[in-house]
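Novice: Protein chains in written order, with this note's numbering: chain A, 1 to 278; chain B, 1001 to 1260.
Treat the hints as calculated values from the structure; they're not laboratory data. Glycine is no exception: its CB is placed at the ideal position from the N, C-alpha and C atoms. Check the hints yourself; a few may be wrong.
As the list claims (entries may be wrong) - Below, simulated EDC-like cross-link-like pairs (lysine to aspartate or glutamate); rule was C-alpha separation at most 16 Å, straight line:
(1) B/Lys1122 - A/Glu185
(2) B/Lys1105 - A/Asp175
(3) B/Lys1123 - A/Glu223
(4) B/Lys1122 - A/Glu30
(5) B/Lys1239 - B/Glu1044
(6) B/Lys1123 - A/Glu185
(7) B/Lys1034 - B/Asp1236
(8) A/Lys243 - A/Glu215
(9) A/Lys27 - A/Glu101
(10) B/Lys1105 - B/Glu1137
(11) B/Lys1122 - A/Glu223
Stated by the list, open to error - Covered stretches of chain A (chain B as the covering partner; in silico rule of three or more C-beta atoms under 8 Å from a C-beta of chain B):
(12) 125-131
(13) 141-152
(14) 188-195
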Amino acid sequence: MKRTKNIRKKIRKKRQKKKDKQEGPKKPVEPDNRTILERIKNRKRKGPLYMPFIDSTIYSMDEIEKITRNIEKSMADMIVLGGILNVETNYFNRVIKKIKEITHLPIVILPSNAGMISRHADAIFFISLLNSRNPYWITGSQALSAPSVYASGIEVIPTSYLVVEPGGTSSWVGDANPLPRDKLEIVKAYAVYSELSGKEMICLDTGMVNSRIPEKIIKTVKENTDIPLAFYGGVRTLKDISKLASAGADVIITSTVIQKHKKGRRLRHLITMRKKRK
Amino acid sequence: MRIGKTESYIHEVIERDGVVFFGLIDPDIQDNGKSLKYVRAFYEGGADIILIGGSIGYLETVVLDKTLKEIRKEIPIPFMLFPGNISGLTKEADALYYMSLMNSKNPYWITGAQALAAPVIKKQRIEAIPTSLIIVEPGETVGWVGAARPVLVHKPELAAAYALAGKYLGHRITILERGSGAPGPSPPEMFRAVKKAVCHPVICAGSSKTLQDIRRTILAGADGIHIASMIEKSKDPMKKAESVINYVKKVGREKKRGKK
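Taking the hints into account, I'd like the entire structure generated from these sequences.
Specialist: Right, here's the structure in full:
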């Protein structure tokens, strides 16, 4: 009986220590006057930028707080804020304010629809789902949101969003005609078009097939364009991240799943391991 | 993205004259002689750029190449392409309006055709200027072929929203088009709203019927104007071209003075 009591005491002390450790002060961030796009294009270190994704549409404020604390403790470079569904503007502003209480990392919006905009964010990836079957996701929502993006005054990064077979959730919501995974010529055409039409970034969403990163597709895009490539969708393991970095991705957007997993230890581990190698 | 020679030239002319004059030639390939006559009329009248296209249908690239090669031997001003589809692209032109029909109901006209043409454009090193094409009521032939949902002519905010979205997606020129046969160009309020939203060059494509139309359009903020039928329908194209171009430039200077 006594032994169990002592053990329980130890566990309680350990938990308290851990809690105190968790809610620490914000990590200082090197002052950088450059725009977000410049920081992505001209990276000081070799290797891609790590931008964990926070879904502001399906998690509660408490969960978002926990996720942000986990990200703050990792070696992430910036935060991408977006979602699957829609979000109400006031709530979105509060989410950003909450994130800013916890971390100094820049916040870039990856909008799920018109309306996901806030003047408190640092930049927005102004995306167009180029291979959607529905013009709403190519120019419609963009026209509806343009005035409020203008009013927010934040940095706008023209970005093309390409969905490759089979595509993730974005493919379903955005009614995409996924680019065939094995027809690199078609992927190349859309990548070249992205750059020629004035886009400054490409965001590739492929959905994972047998949990494999499509290295050939990433290499095709990188070989045919001079603009940065961000990869989003299902990035979960160290192997995923290694493959993406070797294939040439400039930005790796890790999924919310690993931010939550084991209190973000996995995320910290992944990014730290990867950064140490480079 | 590096700005090409023709795009820089467009900006220079706007800076210098207040407005760019595009002489639009419908490439009726069978009738080579006629096209050349109009090109000469525009060039000698003082046009800044010769524009090829504006019609629907499929242009044989090989024939277009040959036609242009002949014409360009004697006309030194830049030639730009105003394509109706993925054909009609040629290295013989100086540049291309790389247009996206922003308010089409069919993704083919927004990004599909453009993506399919992209590798050829890049390989041939054609200067492609990313452009937003916005179709305004009534739309006419181009609106019908392009499956457009024409912007309501009395709602300038709609045009401004699409134009701003185009700018945020990387486009550097905005064209407002009502279609050949429309009663006139887009109203001044629309040009004002669009120009205020994007600040980059805004072009009025087609439908100008009278000098008053042209004047209102340019003073409202249009930086460029496409003219075709005014010249084609006149009895003396040479004379008409010269007088219209002189008038356009005069209004351009007035617009510049007004700004200061």
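Novice: Hint compliance check: list the failing hint numbers for this structure, sorted ascending.
Specialist: 4
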